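Residue numbers (the working numbering), protein chains in the order written: chain A, 100 to 207; chain B, 100 to 207; chain C, 100 to 207; chain D, 100 to 207.
There may be inaccurate statements among the hints.
[To be verified] Mimicking BS3-like on lysine-lysine, the simulated pairs with C-alpha atoms at most 30 angstroms apart in a straight line are:
#1 D:Lys143 with C:Lys143
#2 D:Lys157 with C:Lys157
#3 B:Lys143 with A:Lys143
#4 C:Lys118 with D:Lys118
#5 D:Lys157 with D:Lys118
#6 D:Lys157 with D:Lys126
#7 C:Lys126 with D:Lys143
#8 C:Lys157 with D:Lys143
#9 C:Lys143 with C:Lys118
#10 D:Lys157 with A:Lys157
#11 B:Lys126 with A:Lys143
[What the hints assert, rightly or not] Label-pair distances were calculated between CB atoms; the ranges are:
#12 B:Gln151 with D:Lys143: 37 to 43 angstroms
#13 C:Ser116 with B:Gly186: 29 to 35 angstroms
#14 B:Gln189 with C:Ser116: 17 to 23 angstroms
#15 C:Gly134 with B:Glu140: 43 to 49 angstroms
#16 D:Lys126 with A:Ser116: 43 to 49 angstroms
#17 D:Thr185 with B:Gln151: 53 to 59 angstroms
#18 D:Lys143 with A:Leu122: 48 to 54 angstroms
#19 C:Gly134 with A:Ala154: 33 to 39 angstroms
[Claimed, not checked] Coverage of chain C stretches by chain B, computed from C-beta distances (three or more under 8 angstroms per stretch; other residues unrestricted):
#20 162-169
#21 173-186
#22 189-196
#23 199-206
Simulated from the structure, these hints should not be mistaken for laboratory data. Nothing here was measured: the structure is a model prediction, and the numbers come from that model. All C-beta atoms, glycine included, are put in the ideal place defined by N, C-alpha and C.
There are 4 protein chains.
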Amino acid sequence: MSEQTVIDERIDHGYTSDKDAYLRRLKRIEGQVRGIARMVEEDKYCIDVLTQVSAINKALHAVSLGLLEDHIAHCVVGAANESRETGNPQAVQEKVAEASAAIGRLLR
Amino acid sequence: MSEQTVIDERIDHGYTSDKDAYLRRLKRIEGQVRGIARMVEEDKYCIDVLTQVSAINKALHAVSLGLLEDHIAHCVVGAANESRETGNPQAVQEKVAEASAAIGRLLR
Amino acid sequence: MSEQTVIDERIDHGYTSDKDAYLRRLKRIEGQVRGIARMVEEDKYCIDVLTQVSAINKALHAVSLGLLEDHIAHCVVGAANESRETGNPQAVQEKVAEASAAIGRLLR
Amino acid sequence: MSEQTVIDERIDHGYTSDKDAYLRRLKRIEGQVRGIARMVEEDKYCIDVLTQVSAINKALHAVSLGLLEDHIAHCVVGAANESRETGNPQAVQEKVAEASAAIGRLLR
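Construct the complete structure from the given sequences, taking the supplied hints into account.
Below you can see the structure in the form of structure tokens.
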């Protein structure tokens, strides 16, 4: 397999190569949300509930960041190559704008 | 029921008066997390997955904010009354510090 | 000075007792913003500029958190005492709602 | 000017093409920070100070987002082209990792 192929492989996959890892993390987050519901059910102290909510926020941030990194490495870089080949910058501009909008939604 | 009792009632409950509402919201968030897992499973476009993650962040923020407001209205105000009665400011200082630490964890 | 007075003193001040500390921190943040402008002026690497922006975010968060803690210890607790005396919960409810709205704006 | 040159131009600049706009925005943020110091100086109500801090947070987020978008459109896409030409994915991988780390610092 040539170096060039290695780049293409890397570029063409996105998050799907880590699909199982993402699914495991989401499963864990789902369990954390259920854990919070249980704490509320049992009238646990509000500050302890809030600490758990912060833990979920952190876990979700990690998932977002992973997806964003995959998006940039996959879709943006793929589109950059496409724009390079076609001489039309539209493909890459669109993907960059999409990534930026997604980051903006996460920062809010 | 006297006005005074109304204040006490309000003060002594915390989030437990809205328990069912919190449980419904957490149930919905749990479903949203499962929905994201399904999107990953089906190789949905990463930006669309990220949009859903942002929606969960927002829903969790709303839950946090509700719990914080309940904590301040309940525990901080309750401790203020306690400190007022005992003449010892420690009770209220502790609750204020706890609230502040919880807000700090959410801001991070 | 009686214990009771100590509580009242604590309650009646808010951030004004730490005014100089806040002013020093804001001065430093102002300098950090000017530092970023200088980096942009000198075409510094964007990632290094972003690292500095993150540092300002952090410094501003610390200021917000301090102000919030002062607000809760000062205005909310003061209003709790007022409501306790007048038997009218409106004063404390208003301050709690204000604090919660301010936290919500910071979380967004 | 050929289409290809247009892409290169876009790629080679980063935030420097909008330098004046960034400097104006940073000037305004600097003024906002000074405005907050003045509010503290004059013992303005803490909630009003906090509202202004939230406004600065928002303005800084907008600057961060602009810089990030420029970084992706400039450095990441430039490195993608370099990796494409040299057949060595390291250049693009480094820039993607840098962008991701910067986003992570902003999300925290």
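Problem set entry | Unmet hints by their number, sorted upward, for this structure | 1, 3, 4, 9, 13, 17
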